[in-house]
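A.B. asks: The chain contents come next:
There are 2 protein chains.
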Amino acid sequence: MNVFVIGIGLIGGSFVKDIKAKMPEAKVFGIDANPEHLEEALALGLIEYKATYEDLDKADFVFVSIPVNATVKELPKILDSVQDDCVVCDAGSTKELICKALANHPKRRNFLACHPIAGTEFSGPSAAIHGLYEGKTNIICEVEKTAFKLQERALEIFQLLGMRIRYMNPKAHDKHIAYVSHLSHISSFMLGKTVIEKEKNERDIFDMAGSGFESTVRLAKSSPAMWAPIFEQNKENVIETLNEYIQNLMDFRELLLVDDFDGIYNEMNNTNKIKSILKGIPINKK
Amino acid sequence: MNVFVIGIGLIGGSFVKDIKAKMPEAKVFGIDANPEHLEEALALGLIEYKATYEDLDKADFVFVSIPVNATVKELPKILDSVQDDCVVCDAGSTKELICKALANHPKRRNFLACHPIAGTEFSGPSAAIHGLYEGKTNIICEVEKTAFKLQERALEIFQLLGMRIRYMNPKAHDKHIAYVSHLSHISSFMLGKTVIEKEKNERDIFDMAGSGFESTVRLAKSSPAMWAPIFEQNKENVIETLNEYIQNLMDFRELLLVDDFDGIYNEMNNTNKIKSILKGIPINKK
Chain A
1 MNVFVIGIGL IGGSFVKDIK AKMPEAKVFG IDANPEHLEE ALALGLIEYK
51 ATYEDLDKAD FVFVSIPVNA TVKELPKILD SVQDDCVVCD AGSTKELICK
101 ALANHPKRRN FLACHPIAGT EFSGPSAAIH GLYEGKTNII CEVEKTAFKL
151 QERALEIFQL LGMRIRYMNP KAHDKHIAYV SHLSHISSFM LGKTVIEKEK
201 NERDIFDMAG SGFESTVRLA KSSPAMWAPI FEQNKENVIE TLNEYIQNLM
251 DFRELLLVDD FDGIYNEMNN TNKIKSILKG IPINKK
Chain B
1 MNVFVIGIGL IGGSFVKDIK AKMPEAKVFG IDANPEHLEE ALALGLIEYK
51 ATYEDLDKAD FVFVSIPVNA TVKELPKILD SVQDDCVVCD AGSTKELICK
101 ALANHPKRRN FLACHPIAGT EFSGPSAAIH GLYEGKTNII CEVEKTAFKL
151 QERALEIFQL LGMRIRYMNP KAHDKHIAYV SHLSHISSFM LGKTVIEKEK
201 NERDIFDMAG SGFESTVRLA KSSPAMWAPI FEQNKENVIE TLNEYIQNLM
251 DFRELLLVDD FDGIYNEMNN TNKIKSILKG IPINKK
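Those protein sequences? They're chains A and B, same order as listed.
Each residue of the first sequence is one higher than the one before, counting from 1 in full-length UniProt numbering.
Each residue of the second sequence is one higher than the one before, counting from 1 in full-length UniProt numbering.
Misleading hints may appear alongside valid ones.
Identical chains blur together in the list; that is why a pair holds if it fits in one copy or across any two.
[Said to hold, decoys possible] In the DSS-like style, the derived pairs of lysine-lysine whose C-alpha atoms are separated by at most 25 angstroms in a straight line are:
| no. | residue 1 | residue 2 |
| --- | --- | --- |
| 1 | K198 | K235 |
| 2 | K27 | K198 |
| 3 | K50 | K22 |
| 4 | K77 | K27 |
| 5 | K175 | K200 |
| 6 | K235 | K73 |
| 7 | K107 | K20 |
| 8 | K275 | K200 |
| 9 | K198 | K275 |
| 10 | K107 | K145 |
Hints are computed from structural coordinates only; laboratory data are not their basis.
Chain A on its own, in the form it takes in the complex:
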């Protein structure tokens, strides 16, 4: 099988790393807009061959892991270049605009809209790791629009990598993912910003930071090139989550201002049930 990965960073690199481990017979081709990343991926053994869109006619499986704005632009061209029996999957954190952009593409049946919920705060080919997708959820949208035989090929690969599959429509995906992923990134980035701003005048502040701060601010290390387009494409949903988050923070502040510490206790106590909720989440501890 000829596997093409377009965009060889953390997501694409980890994907083909496991493919090579589980399917030694697969030939892995890499395409990347950044020639240095391509060289690095080759040197790291993530890919065996450098390739271009012109080589896509040899592809059996294409995994597109580039920022979501580039995905919308490139997917039509990628589909134009593949043969009729090739399946093309994306990995974008937004699904509605991507599905819309391809709705009328003559090769729509060759495309499977995916969002594997996996990642770390790092990026680039050197961030690729084994087992990133083991036990993770892969959300597939508009499955009915993909040719059945091609769905099967993709699902076999996802199964090999240990992923759980969930089916969802693109609208619901974008709405829900805003809460459990996009909002976390904003809360983390703004926490980092607030503390960095303070630190300008207070040099020693970070000496006092512990593992709690580190955990909460971890996502503020994420790639802006990946995240700015996600926020752009999911703007309406993200603004809704931000409105609710800001309101909850203002309500908490109000409890502080009126000295309602029983109220504050109750707020925290009610939220403690996140413990049992999180127990159900398959987490990749990094």
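Starting from the structure of chain A, add chain B where the hints point.
C.D. replies: Okay, now just chain B, sitting in the frame of chain A:
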């Protein structure tokens, strides 16, 4: 040496666990308002003897690890009960009110105001772990008010447990810790609340959560009994950090509303330097 731990949860339990490991000759006595915790600590081998305040005249070293509102109330009584050559340390996440409450106590020289920056999101005796304090910062306030010989005894123990020591005045401590600890807890609790509220109507939302959400919301598992009094004692500073955090979130929302995605890119890019800052923090990976 007779070591007394008052409040045997995560913080006190982990402390005496390492003391027993490093100083096998030490006798460890436990005092706790919750008789079940005391029994559990005994069963887990965290303490060797159950004790009461009446036994404190035998103490050489007392470690007080109870919620900060209880600390303010109990510390005067604890100091009343110890001998002249006993050193009493607290572990509270606020320092100004605690130091003020003891300013005129006749045994002020027996007290060393401490804040070991260590912990996990869990609580109770069973949450106690070995090595919690290894490489962590212990902030000591008003060191000049503690008898020199007693400072030395405490510092020897802290050194044995592998802690780094920093000296700070209580006012500066409370101001800075609001940024790197107290605000993280609020941002995490309110993130948990926002998503749980949404989930009431959207049962499947947590299926979509990944390790990023888990990391950002981790502190929302923390004990309300410990944290409500911290927010109460550090109210002014916490409100200041919350004001800045909410303002940063509203500014980010404004950039979304006006479609300034270059601005959003820059916000994230500037905050990415948290990477290099965090590298300097000794983190207890749990």
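A.B. asks: All the hints need checking, so say for each whether the structure fits it.
C.D. replies: Against the structure, the hints:
no. : hint        : result
1   : K198 - K235 : between (29 angstroms within a copy, 18 angstroms between copies)
2   : K27 - K198  : neither (51 angstroms within a copy, 44 angstroms between copies)
3   : K50 - K22   : within (21 angstroms within a copy, 57 angstroms between copies)
4   : K77 - K27   : within (22 angstroms within a copy, 74 angstroms between copies)
5   : K175 - K200 : between (37 angstroms within a copy, 15 angstroms between copies)
6   : K235 - K73  : within (18 angstroms within a copy, 50 angstroms between copies)
7   : K107 - K20  : neither (27 angstroms within a copy, 69 angstroms between copies)
8   : K275 - K200 : between (35 angstroms within a copy, 16 angstroms between copies)
9   : K198 - K275 : between (31 angstroms within a copy, 16 angstroms between copies)
10  : K107 - K145 : within (10 angstroms within a copy, 78 angstroms between copies)
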